[in-house]
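Student: Full structure from sequences and hints, please.
There are 2 protein chains.
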Amino acid sequence: MDTKKTIALDMDEVIANVTPKFLDLYEESYGRRLKKADYWGKKIYQIEGAMEIRDRLFEKGFFRNLPVMPGSREGVRALMDDYEIFITTAAQEFRNCLEDKYDWLQEHFPFIHWRNYVFCGDKGVLGTDYMIDDHARNLEGFRGKGLLFTASHNIHEDRFTRVNNWTEIVDFFQEEQIKNLSV
Amino acid sequence: MDTKKTIALDMDEVIANVTPKFLDLYEESYGRRLKKADYWGKKIYQIEGAMEIRDRLFEKGFFRNLPVMPGSREGVRALMDDYEIFITTAAQEFRNCLEDKYDWLQEHFPFIHWRNYVFCGDKGVLGTDYMIDDHARNLEGFRGKGLLFTASHNIHEDRFTRVNNWTEIVDFFQEEQIKNLSV
Chain A
1 MDTKKTIALD
11 MDEVIANVTP
21 KFLDLYEESY
31 GRRLKKADYW
41 GKKIYQIEGA
51 MEIRDRLFEK
61 GFFRNLPVMP
71 GSREGVRALM
81 DDYEIFITTA
91 AQEFRNCLED
101 KYDWLQEHFP
111 FIHWRNYVFC
121 GDKGVLGTDY
131 MIDDHARNLE
141 GFRGKGLLFT
151 ASHNIHEDRF
161 TRVNNWTEIV
171 DFFQEEQIKN
181 LSV
Chain B
1 MDTKKTIALD
11 MDEVIANVTP
21 KFLDLYEESY
31 GRRLKKADYW
41 GKKIYQIEGA
51 MEIRDRLFEK
61 GFFRNLPVMP
71 GSREGVRALM
81 DDYEIFITTA
91 AQEFRNCLED
101 KYDWLQEHFP
111 FIHWRNYVFC
121 GDKGVLGTDY
131 MIDDHARNLE
141 GFRGKGLLFT
151 ASHNIHEDRF
161 TRVNNWTEIV
171 DFFQEEQIKN
181 LSV
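Chains as they are written, first to last, in this note's numbering: chain A, 1 to 183; chain B, 1 to 183.
To be clear, the hints were calculated from the coordinates, so they are not data collected in a lab. Zero decoy hints are in this set.
Remember, identical chains collapse to one label, so a pair may be satisfied in a single copy or spanning two.
Only pairs whose alpha carbons sit at most 25 Å apart, straight line, appear in this in silico DMTMM-like list of lysine to aspartate or glutamate:
| hint | residue 1 | residue 2 |
| --- | --- | --- |
| 1 | LYS5 | GLU140 |
| 2 | LYS5 | GLU176 |
| 3 | LYS4 | GLU93 |
| 4 | LYS4 | ASP82 |
| 5 | LYS5 | GLU93 |
| 6 | LYS21 | GLU99 |
| 7 | LYS145 | GLU157 |
Tutor: In structure tokens, the structure reads:
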């Protein structure tokens, strides 16, 4: 068994950037490019009248071409020196995303082994030491240490350690390593 | 949060019966129907010269039409009264099986919610109370109580509580319920 501590790392809005895609879809449907102020505090499909945009998540291909979150590739590589990373994504609501997410990971994070992919629904099943996620509901029942990755829909949440970007994630885990040395 | 105890339930050779499919494939390739004695103590594709059969696992459709393991549907239903069941399957080696496994579960176990599907690689990521699996390697690092479901390849294994069929699984968990009442 690997003795590294384990991190459950979410995909969407943490390593895969969903926002630009939703901005494009909104613009296609409503002819207007949203500004941050329009959706700050919620998800883009929670804007009044835009709920149908959420249905696009069920389409084949939706998750295949998302851009990589800035700094995430370098950040994951850095964490892998000291931690075992599991990609834990709530994929199961969307049957058609399974292959897309698999192919996306193979393309953009080829240095993470498929053994470490976890496509789940309820993340309560996970027993890792850490979890990085943009949804407070996933951190709520988690028994390890949870980090909330900032996204438009979670800015009012204050129950968890917040990380705003990948630099802050890497810094957090460097601090953890120092703490472990001193005990 | 659900307060039921949780069970990680493997798919292949526990609720999905892979053996008849391998017997068919062997017969197609080598013109002979295997008897139990031919593969007892190993996997069918570990029979000398038959390793190429394992490659069929990578084909689209392989997992889609497997028969349901006798008694598993009724057994899972019975366990769900007292336990939360997660279907935990080592799917990630086989990219093409993801949709097949999803569709199979929807067809044969529609009473299990997609939230409770976990398609993973390394099962060390799971933090459930129990695990039912036919591979000793999955039970080795598991921190909960592991049950080894008898399959041809694990008959010489003696480190775990063995269950030979679904009747024995249901009986085991009925005993657990009685134990919990008396403490």
